[in-house]
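Chains as they are written, first to last, in the working numbering: chain A, 26 to 442; chain B, -18 to 159.
It should be emphasised that the hints constitute simulated quantities derived from the structure, not laboratory data. Where hints are given, some of them may not hold.
[Stated by the list, open to error] Cβ-to-Cβ under 8 Å is the rule here; a few derived chain B residues that face chain A: (1) 14; (2) 89; (3) 90.
[Unchecked claim] Straight-line C-alpha distance at most 25 Å; calculated DSS-like pairs for lysine-lysine: (4) A:229 with B:100; (5) A:360 with A:426; (6) A:326 with A:255; (7) A:326 with B:133; (8) B:152 with B:82; (9) A:326 with A:229; (10) A:326 with B:69; (11) B:82 with A:229; (12) A:385 with A:426; (13) B:152 with A:326; (14) B:69 with A:416; (15) B:-17 with B:100; (16) B:133 with B:82; (17) A:229 with B:-17; (18) B:10 with B:100; (19) A:419 with A:385; (20) A:361 with A:416; (21) B:100 with B:146; (22) A:360 with A:419; (23) B:69 with B:100; (24) A:361 with A:337.
Only a predicted model underlies this, so the values are computations on that prediction, with no experimental measurement involved. Beta carbons: idealized from backbone N, C-alpha and C, even for Gly.
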Amino acid sequence: MMKGVASSASQGQSPKARGEKTTKTLGMKVVEGSYAVAHAVKCCRPDVISAYPITPQTHIVEHLSQMVANGEMDSEFLTVDSEFSALSVLVGSSACGGRCYSSTTSQGLALMYEVLYNVSGMRLPIVMNVANRALGAPLNIWNDQQDSIGARDVGWLQIYVEDVQEAVDATLQAYKIAEDPEIMTPTMVCMDGFILTHVYEPVKLLDQELASEFLPPFAPRSILDTADPKTFGAFADPSTYTEFRYLQFEAQNKALAKIERTAREFEETFGRFYGGLVDSYRADDAEIVIVTLGSVIGTIKDAIDSMRAEGKKVGLVKVRCYRPFPVAALREALKKASIIAVLEKDVSIGGEAGLLADMKAAFYNSSIHPPIIGFTAGLGGRDITINDIEKLVKKAEAAMKGIESEFEFLSLRTEIL
Amino acid sequence: MKEIRLHGRGGQGSVTAAELIAVAAFEDKRFSQAFPAFGVERRGAPVMAFARIADRPIRIRSQIYDPDYVVVQDVSLLDVVDVASGLKSGGKIIINTDRPKESLKLDTRAEVVTIDATKIAMEILGRPIVNTTMLGAFAGATKEVTQESLNKAISERFHGELGKKNLLAIKTAYERVS
């Protein structure tokens, strides 16, 4: 048995015997997040995998390497000397018509930077799990989202997930979105490093048959072929370069509907839905709405429930899709908010922060534009607790009477400055 | 929801123990979550792992600061780590030691449970690897997971003779603290 598969919790028992609650847990196992994602990748049937191990992504590619070695997967696993090489290998493999997978984080993503643009510019629908981690210096292996938020302009789609199940499901969805002939855009599925890669929790692993039905084989219209020679991504002078970028821009705009549609199709097949572009939690009548992305959402939901019990009208809007940025969906989801409090695990040094800037831009020309304040937290693995969320909400309450600070570092340890 | 914090030293299987608690609890038809205190693990260094058990899906992902239960795999940690930190007054702390509990001088109002897991592990497993024995003690002292589910979790993780020995270690510890 693979390391990481700990239990088959529901085998051999009828749903009735397990009680009412268990109909939802039927077929779930307690597994490690990285294993669950590797299993999902296996179900996507990639032709080529190339990755360079880096904490906290390591377990994902270890599991995949093991599955390939065991003959459970019919994929080429190419070991390379760096993340730059890993993604470069996939440029060639994808251009030749192979379904390609990689995973990285932090400094690894930074080292891929040049290739990220080549992949999106050549319209290669590679899927990559980013196990979000802070960047050095100072050296830090823990979670934040500086790595992928910092790569928001590289032309890849970006989906942020809340829990392991969503990481699994979004990985399968990502290929379907990326490989759509109208989209042909690489996709990052961003999951918080350690928090989601190293957690053990109940997950329903994908069924291979259903996954294959949901995701047909990759059938690109145009590939590198010696019988029909072409060049990919070679050269575009000023007379055409703008149009290449425009077509990428248009493809991302089309991806908005595709992501939504794919989430619904997934729901029809697998019965699970996380919102398409955005999702809401108790936001309908909320005065204060927290907008955020990633694994902190679970903690925020618990905090909201306890604050609601005290009569505070607090809600949440989850940004599931960060690129393309779902402006219309966010305007709709937040139309009744009295104030928006953005929480994110990144900072734009010299500016504010990525999601906050995008949120302000999305609402500036909107007919409804509630005040927006922003917080950075959880940098370099700093734990975000329910206390932190309550603190944020108190600041948002105060800001409803007048904004003193548009952006701040939440729970900053001023005593060590 | 019950929250559990496990203290050990790198190499003692604390993360595995947390994982097995999560597996066993889910086997008991409850919801569960387990995760390590993320860090740069080194053999012998103090480490922590966490587990949560609840009757509905678990959403919270912060670390555990006010546990209901604490499991200490290595009594020498008491000199370097505040193992009882935040432990709820109605909770329990289960410590692997051959010393009498009065001599441990723990700053807690929670119930202190001691077990000489190292002796049990040496006798049954032939090695001072106490994580499964301590799981037996945890199950026996708290009844948060059933021995049956724990056995199933262990059997799926450790096969053959090793699996059988671990089950015996669990049973011995479970009965000793029950």
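So, going through the hints one by one against the coordinates:
1. 14: With Cβ-Cβ at 5 Å, under 8 Å, it holds.
2. 89: Result: violated, 22 Å to nearest chain A Cβ.
3. 90: violated, 23 Å
4. A:229 with B:100: violated, 39 Å
5. A:360 with A:426: holds, 19 Å
6. A:326 with A:255: At roughly 51 Å apart (the allowed maximum being 25 Å), residue 255 (chain A) and residue 326 (chain A) break the hint.
7. A:326 with B:133: violated, 33 Å
8. B:152 with B:82: With Cα atoms ~22 Å apart, residue 152 (chain B) and residue 82 (chain B) stay inside 25 Å; holds.
9. A:326 with A:229: holds, 22 Å
10. A:326 with B:69: holds, 24 Å
11. B:82 with A:229: Violated: residue 82 (chain B) and residue 229 (chain A) sit about 43 Å apart, past 25 Å.
12. A:385 with A:426: OK: residue 385 (chain A) and residue 426 (chain A) at ~19 Å, within 25 Å.
13. B:152 with A:326: Between residue 152 (chain B) and residue 326 (chain A) the Cα gap is close to 39 Å, so the pair fails against 25 Å, i.e. violated.
14. B:69 with A:416: Status holds; Cα separation ~23 Å.
15. B:-17 with B:100: violated, 29 Å
16. B:133 with B:82: violated, 31 Å
17. A:229 with B:-17: Satisfied, since the Cα-Cα distance of roughly 23 Å is no more than 25 Å.
18. B:10 with B:100: violated, 33 Å
19. A:419 with A:385: Between residue 419 (chain A) and residue 385 (chain A) the Cα gap is close to 21 Å, so the pair holds against 25 Å.
20. A:361 with A:416: holds, 22 Å
21. B:100 with B:146: holds, 14 Å
22. A:360 with A:419: holds, 21 Å
23. B:69 with B:100: violated, 29 Å
24. A:361 with A:337: holds, 15 Å
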